[in-house]
Every structure is written in C-alpha cells, then in structure tokens.
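Line order of the protein sequences matches chains A and B.
Numbering (our numbering) for the first sequence: 1087 to 1338.
Numbering (our numbering) for the second sequence: 4 to 196.
Honestly, the hints are just simulated from the structure, not real lab data.
Source: prediction; values computed, not measured.
Note that beta-carbon positions come from the ideal geometry of N, C-alpha and C, so glycine has one too.
All clues given are correct.
The calculated DSSO-like cross-link candidates involving lysine-lysine, where the alpha carbons are at most 27 Å apart (straight line), are:
#: 1; chain 1: A; residue 1: Lys1088; chain 2: B; residue 2: Lys183
#: 2; chain 1: A; residue 1: Lys1088; chain 2: A; residue 2: Lys1127
#: 3; chain 1: A; residue 1: Lys1314; chain 2: B; residue 2: Lys91
#: 4; chain 1: A; residue 1: Lys1148; chain 2: B; residue 2: Lys20
In silico negatives: residues of chain B with every beta carbon more than 12 Å from chain A:
#: 5; residue: Arg65
#: 6; residue: Phe66
#: 7; residue: Ser70
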Amino acid sequence: MKHLTEEQIVLHCYGDATDGQAIDRHLQACAECRAQFEDVKALLAEIPLTPVPEPPEYLEQKLWLNVRDRLSAEKSYRQFFSPSRWAMAGLMAVLVIAAFVAGRFWPHAPDTQKPPEMAQVNVNPQRVVLVAVGDHLERSQMLLIEIMNADPKDRTDLSSEQEQARSLLDSNRLYRVSAQKTGDPAIVPVLDELERVLAEIANSPSDSSPKDLQEIRSRIQSQDLLFKIHVVHSNVTSEGDALGKAPVNQRL
Amino acid sequence: MEITDAAVVAQVLAGDKDAFRLLVDRHTRSIYSVAYRMTANQQDAEEIVQEVFLRAYRSLARFELRSSFATWLYRIAVNRSLDFLKAKKMTDAYQVSDNRGPDEEEREIQVAAKDPGPDRLLLSAEARQKISQAISALSPAERVAFTMRHMEGKSIEEICKTLNVRASAAKNSIFRAVQKIRQQLGPLVSVAK
Chain A
1087 MKHLTEEQIV
1097 LHCYGDATDG
1107 QAIDRHLQAC
1117 AECRAQFEDV
1127 KALLAEIPLT
1137 PVPEPPEYLE
1147 QKLWLNVRDR
1157 LSAEKSYRQF
1167 FSPSRWAMAG
1177 LMAVLVIAAF
1187 VAGRFWPHAP
1197 DTQKPPEMAQ
1207 VNVNPQRVVL
1217 VAVGDHLERS
1227 QMLLIEIMNA
1237 DPKDRTDLSS
1247 EQEQARSLLD
1257 SNRLYRVSAQ
1267 KTGDPAIVPV
1277 LDELERVLAE
1287 IANSPSDSSP
1297 KDLQEIRSRI
1307 QSQDLLFKIH
1317 VVHSNVTSEG
1327 DALGKAPVNQ
1337 RL
Chain B
4 MEITDAAVVA
14 QVLAGDKDAF
24 RLLVDRHTRS
34 IYSVAYRMTA
44 NQQDAEEIVQ
54 EVFLRAYRSL
64 ARFELRSSFA
74 TWLYRIAVNR
84 SLDFLKAKKM
94 TDAYQVSDNR
104 GPDEEEREIQ
114 VAAKDPGPDR
124 LLLSAEARQK
134 ISQAISALSP
144 AERVAFTMRH
154 MEGKSIEEIC
164 KTLNVRASAA
174 KNSIFRAVQK
184 IRQQLGPLVS
194 VAK
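All chains, please: the whole structure from these sequences, using the hints.
Take a look at the structure:
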C-alpha cells in the first residue's frame, strides 16, 4: 500500500489537500498514516495563536498625526523640489549665515545721526537663519522619506537621490559648523547624524543593489533619524515663528 | 446610521483628506493585529501599520469599491509585513508570551482548532519556546503563509489573492512551515493521557 506523503497529511489537516475524499479512504484503511495524521492534527491544535498585546490607547491618534504630517510633507516636497531652488537656497543660507556672524562680531558704534525710525530693523537675521535651517531639515526629511519608501526590489537607481544628498550635504556642513559655534545642544547631534547619512547616500554607487539601499534604510531606522529631524524641525520652526511675531523693539 | 467605508473613501477622493482619519480610527486595531502576528514585535507592528495607511492613502484611487475596504487594507498589511520580514533580519525568537500573571496560571493556551480531539498535547514551556524559535526561523514567505492559514484562518484562495501566488506555492509554504515546526519540536511533545 502506498502511504500518504507528509505534505498530503499536513494539508489534509487544514482541509486543503487535493482529493480529500481519497485521502480519507486511505486513512480509514492505513493505521500508520492514520497515526501520523492524528499526530500532526494534535500538534497543529496546540500551536498557540499569537496573543496580540493591547496597543496604546492613543495609537489611532498617533498614527493619524504621523500619516497626516508625512502626506503634507510629501506634498510640500513635490511642490518645492527643484535642484536650482536648492542651489539658490544654499547660497542664500551661506550669505545669511555670513551676514549673521559678521553682524554679531563686527564692532559698530551707534549711529546718532540716523533718524529714530531708521533704527528699527524689520528683518531679524536670527529668524532668517532659523527659517533656512528649517527648510534644510524639511528637504532632508523628504529625501530620507523617499529612501525609506523606495521598494528595494524595484529601485536600484539612486542617482536622483544622490544628487539631492550632495546638495544637502554642503548646506548641512555649514549649518552644523554654525550650530557648533553657537553651542546649540539640540540641533548639533541631529545635523551630525544627518550628515553621515547624507554622505552615505551621496557616496554609494548610483546603481545601488537592493542590499545597499537596505543598509542605508537600516541606518536611518536604527538612529530614529526621521523622528529626530521632525522634532528639531518643529522646534526650529516654532522658534522662527516666535521671533517673527515679536515686537520690533525686542528683535535686536 | 454609520457612514460606510466606501462612502468615506469617496469623500477622501473628492478632496476631504481629513476624512481619511475615520478609516484610520476604524481599522488600526485589526491591521495592528495582523502586523503583530507577522512580526511579533510591537514597534515593528506600529511602523507597518503606519506604512499601510500611507500606502492605502496613496493608492486610494486604485481601490475598487466592489471589494471590502477592510479586505483591501488587510492585503496591503500582509504584503507590507512580508516586505518588512524580507528586509529585516528576523533573528529574534518569535515570542510566545510566557509571562503570565498569577490569575492567568490556570488558563490554558489559546488553541487554533475548535475541536482539539481526545489526544490533546499539553505543551511544556520548552516546547512552546521551540515553536517560537521554529516560526522565527521560517522564511518570510513561509511565515506569512502559515500565519495567514493557521492564525488568521484565511483560505488558500485568499492567501493566493493576497500574495499573488499560485495555490501550489501557498500550500507548499504552509507545508514547509509545519514541517519545520515538527522537526524543531521533535521528541519534546508528549501526549497527555
């Protein structure tokens, strides 16, 4: 008598074997196969369902906020994505930082000849820097999101992302050095981590293998970089908004 | 009367993006369960759920209203979990919770079958650990197919539609998963008399 295969027995336990009736007839006739069938059936009955822990109460709210923020950010990214725009923004950022640093350290005497109303300055250099940094973080965040969402099996051409990364890398270096000088404890570590990831993206081969892409993604994930950038970006934006709303006589 | 999922989808596609929140609120827990069963990790499950809703939102225009939104979302969740398992090296043991509190000591393990039969096996903690290890060692395809069939009770047809595989491939994955579990368990199983 030809016995049933293990596969036939396992699938029959689930009711998925082809020709189930023939298998039933065989099981009635063959004690050996019947014993194995009972063993497998008993084992399957004892494999526990995975107990799913109760998720946090706020999970739905947290997910909705994250999803909404990501979708809004992606929309902004698509609207403002332009290499020439980055180049111009980077150049402006360099000029603004240079002006800010020069303004802080260049000695100047009060100009008593200037009319009082001319003493009021409408543009706060610090706010401009914060806006520039915020913009940089937002663009970096979008690049990382693109990397995280890329399908490893489909995407191997990273040349577009690498171009973005190179542009962001230059700006990031400037902002990091500036933040180190001002001693900002929150932003320096994030810019530091971001710089490493941008460098990795920029320096990887343009025809990266799925494994290369996955390594970059794992690095972003392990550092929780997207979340950190999000937090710093929020703080920078809030600070910039607050400076923008401050009365004129408090700006300088 | 509660607004249907299809109506909410139509609303979102008409431009009311905030309406998508209603779908998030309704389906988060069920998708979370699926993701957790696949990955056995809360953090990973949360990440997957977020990705599922993002993908669902981006693909909403391709959702065909003739099928259930819940089913469509479930399929995205399974495939996202499969992608996740493939991408991530699952070296952690698949945890079957053994941290039962004092009032849980008398409770039996949840079983998959409704009618366990007379020769019930009582698995020791070691056996359960072996099962955990065996499941964690399954390939992503085997793990997902086995979880869908054994834990979720999905039919072969549903597994095929979700994973876009042939019935023979789905059955083979399930068989290999059970075979590996049996091999891991080996002589540890004893029949309760």
